[in-house]
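K.L.:
First to last, the sequence lines map onto chains A and B. Letter 30 of the first sequence, counting from 1, is numbered 30 in my numbering, and no numbers are missing. Position in the second sequence (from 1) plus 1000 gives the number in my numbering.
Treat the hints with care, since some could be wrong.
Unchecked claim - Listed next, the stretches of chain A that the computed footprint assigns to chain B, with coverage defined by at least 3 CB atoms under 8 Å from CB atoms of chain B:
| # | stretch |
| --- | --- |
| 1 | 82-94 |
| 2 | 97-107 |
| 3 | 110-120 |
Said to hold, decoys possible - So these bits of chain A aren't anywhere near chain B, every CB distance computed over 12 Å:
| # | residue |
| --- | --- |
| 4 | Ala27 |
| 5 | Ser73 |
| 6 | Gly75 |
Calculated directly from the structure, the hints in this document are not laboratory data. Don't be surprised by glycine CBs; every beta carbon is placed ideally from N, CA and C.
There are 2 protein chains.
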Amino acid sequence: MSAAPIPFDIPFDPATLRYDDRGLIPAIAQDHATGEVLMLAWMNAEAVARTVEGGAVTYWSRSQNAFWVKGASSGHRQRLVELRVDCDRDCLLLLVEQTGPACHTNRRSCFFTAVQEGAEVEIMAPIS
Amino acid sequence: MSAAPIPFDIPFDPATLRYDDRGLIPAIAQDHATGEVLMLAWMNAEAVARTVEGGAVTYWSRSQNAFWVKGASSGHRQRLVELRVDCDRDCLLLLVEQTGPACHTNRRSCFFTAVQEGAEVEIMAPIS
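Pulled out of the complex, with its shape left as it was, chain A reads as follows (with noise of 0.2 Å):
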């Protein structure tokens, strides 16, 4: 795959990405403090732009088929730190500052699971 010229130092346009056939590119939280990969959700141009401009992270809840302000409902919110791109610009990287625990089941990262000698193991424990 060969990806459009990379815009530096121009104004950011969400349209420059590239969305799947659902119209949707796929968006990595990271912790911008510790590095912890925390999940990975979706967007569209629309949440990337909301997300970029008011700084309160907000995917596209394909379940829903809603906007989805991550943590309106729990609290527990991202606020973006900094947006990044990658090469073939169909994959988001978003440094934020996450408040309490990033997954639906209290912990602070949706990967809490590992494949250790070949079995699946829990390594995370809800946040009490």
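Could you slot chain B onto chain A? The hints should help.
P.N.:
Relative to chain A, chain B alone:
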């Protein structure tokens, strides 16, 4: 979305993951030592199995429609240190040991531009 119960402490089976309608699951590669997010690519069930069994990270190339042993041609290999699974079982986090640059542009990470004050700027140079 509700996910299937998490199979703790039983042998890991790639068939328990949730693949999209193309039979693919996104996989985030993170440097196991520094925490740097290097790239996102895709795997099918067989790529997951090969990666876990052999330790050489193997993706499914959507453009080539073929298995893609990372670094097989460039030498910029990824060795799996640990595979993690998210709560919905529809995304993987690979902690890896990366030889050289992860990006085909010769940068350490594929995420080498950032939106800062509304403009997209380059934040990482190719490895010389």
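K.L.:
For each hint, tell me whether it holds in the structure or not.
P.N.:
Okay, the hints, checked on the actual structure:
Coverage of the stretch 82-94 of chain A by chain B holds. Counting CB-CB distances below 8 Å, 9 residues qualify, and the rule asks for three or more. Taking a C-beta to C-beta cut-off of 8 Å, the stretch 97-107 of chain A contributes 4 residues in contact with chain B, enough for the three needed, and the coverage statement holds. With 10 residues having a Cβ less than 8 Å from any Cβ of chain B, the stretch 110-120 of chain A passes the three-residue criterion, so the hint holds. Remark: the non-interface label on A/Ala27 conflicts with the geometry, its nearest Cβ contact in chain B lying 10 Å away (cut-off 12 Å).
Its beta-carbon lying about 16 Å from the closest one in chain B, A/Ser73 satisfies the requirement of being farther than 12 Å from that chain. The beta carbon of A/Gly75 is kept farther than 12 Å from every beta carbon of chain B, the shortest such distance being approximately 18 Å.
Taken one by one, the earlier hints fail for this structure only at number 4.
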